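Enquirer: The chain contents come next:
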Amino acid sequence: MFYIYLGILAIVLALTVWELFDTKKLSMQITAAMVIMPLLLRLLMIK
Amino acid sequence: MQKHTITAIICLAGAIVASAIAGSSFLAMRKPDKIVRGPGVTEIKMLSEWFPDLKGSPGDTEVYIMEGADNGVSMLVLGGTHPNEPASHLAAILLIENFLPRTGTLYVIPRANASGFTANDPQEGAPQHFTIETPNGLRVFSYGSRATNPIHQWPDPNIYIHASSGQTLSGSETRNLNRGYPGRADGTLTEKVCYGIVQLIKEQKVTITVDLHEASPEYPVINAIVAHPKAMQLASDTVLGLEMQDIKISLEPSPVNLRGLTHRELGDFTDTLPLLMETANASQGRLRGRTDEALVLTGKDKWYVRAAKLGRLYVPYDENGHPIEERVGRHVTAIAEIINSWNWEHPETPLEFDNIPSYEDLLSKGLGEYLLPVQ
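Protein sequences, first through last, are from chains G and E.
Residues in the first sequence are numbered consecutively from 289, following the working numbering.
Residues in the second sequence are numbered consecutively from 12, following the working numbering.
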């Protein structure tokens, strides 16, 4: 179960980074950057 | 390069830098607090000595042993079952750094849920550490999470089913050490820690087990001792002894249908006499205002004063708050009174210890006076 959740997390993180580069709206890019932080910290098993 | 690509790179770089800063702060919590080996400590073991599966895991934790003349009687004190209840952790450390055993053995686990000390509860705004002044400088202690760090046990189930009773609770309770007893050898990390503690109690034939806690001022079980039916006589004598010292404390029977807690399961599954004690901690309450080190140490909170005036609390609350000295003093004095009560009932097999700071001394001199210098 742990690795399945980690896999889901990695996919969501990748999609968020993709959205960050795809969108042309600055507000969406800032939002994506904020979403990336907790996802990254959990993927690295820091928080 | 297009303009939106440049802003995306800047945003991503910002996110990585912010994550690195936050991450280093979170990682710093994994360094355990320094506890000084007091003159009464005869041995320090790890819980994994009683349950080897814990070895090398974030659930493994120190067991301080203070051994006097062996008469077959012993006491186990659990501090840090909930690492966001600092008086529990500090009272255990105070015992380790001060108690001198004469007869019987004292086991102290200051970080019962060691994993819980490596993180804060999300969305609580709690400090990561708090500092206590001592004559030899500052001592820093962790303010952790109520539960096992989700990094060490994740994901939570939607519903937590207590293994031995089938009781159902919210999924996050699966990481609550005081809902996992008697534990399982093949369970979650939290259940394994519970199992390790139960193994220690069984193998060492621990006579009395005291689990130290704190509670929100609006929680009904506060400034109280909760006792398993077989420990009720000991608890009653203790309450009488504390009342004679003008320390108000109530006695609650362990509910039969609330499972997984020390005061229920340790009594049902082992021969120990289990007691659980609660003091008043505003920093974990729902009605609190600003949550910082000052609140942890002083318990002063204007919203709790207001709630007390409205009759919403189960403990007296005024502008003086409930300082950490008072809360630790209640725990340590109650432990001394449990020992007195045991000795009163069992003069042929006493537990005898020296150098227990008194409630009055803790209030007048402060907690720092009784903490040893870190080398």
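Be careful, since some hints might not be right.
As the list claims (entries may be wrong) - Take a look, some chain E residues computed to stay more than 12 Å from chain G by CB distance: (1) Arg-41; (2) Pro-133; (3) Glu-144; (4) Asp-197; (5) Glu-254; (6) Glu-356; (7) Glu-363.
Claimed, not checked - Chain G stretches covered by chain E per the calculated footprint, using a threshold of three residues with CB under 8 Å from any CB of chain E: (8) 295 to 301; (9) 314 to 328.
Since the hints were derived computationally from the structure, they do not count as laboratory data.
Remember, predicted model here, so these are calculated numbers, not experimental data.
All C-beta atoms, glycine included, are put in the ideal place defined by N, C-alpha and C.
Enquirer: If we take the beta carbon of Glu-254 (chain E), is the closest beta carbon in chain G still more than 12 Å away?
Expert: Answer for Glu-254 (chain E): holds, closest chain G Cβ roughly 45 Å.
Enquirer: Checking the smallest CB distance to chain G, is Glu-363 (chain E) really beyond 12 Å?
Expert: holds (46 Å)
Enquirer: Just double-check Pro-133 (chain E) for me: nearest Cβ-Cβ distance to chain G has to come out over 12 Å.
Expert: violated (9 Å)
Enquirer: Over 12 Å to the closest beta carbon of chain G is the bar; see if Arg-41 (chain E) clears it.
Expert: violated (9 Å)
Enquirer: Are at least 3 residues of the region 314 to 328 of chain G within less than 8 Å of chain E when you compare beta carbons?
Expert: Coverage by chain E holds here, the residue count being 9 at a Cβ distance below 8 Å.
Enquirer: Say whether it holds or is violated: Glu-356 (chain E) keeps its Cβ farther than 12 Å from all Cβ of chain G.
Expert: holds (49 Å)
Enquirer: Is the nearest Cβ of chain G still more than 12 Å from the Cβ of Asp-197 (chain E)?
Expert: Correct as stated: the minimum Cβ-Cβ distance to chain G is 15 Å, above 12 Å.
Enquirer: Holds or violated: the region 295 to 301 of chain G covered by chain E, criterion of 3 or more residues with Cβ-Cβ distance under 8 Å?
Expert: Three-residue rule not met by the region 295 to 301 of chain G, so violated; n is 0.
Enquirer: Confirm or reject the statement that Glu-144 (chain E) sits farther than 12 Å, beta carbon to beta carbon, from all of chain G.
Expert: Check passes; 30 Å lies beyond 12 Å.
Hints 1, 2 and 8 from the list above are not met by this structure, while the remaining hints are.
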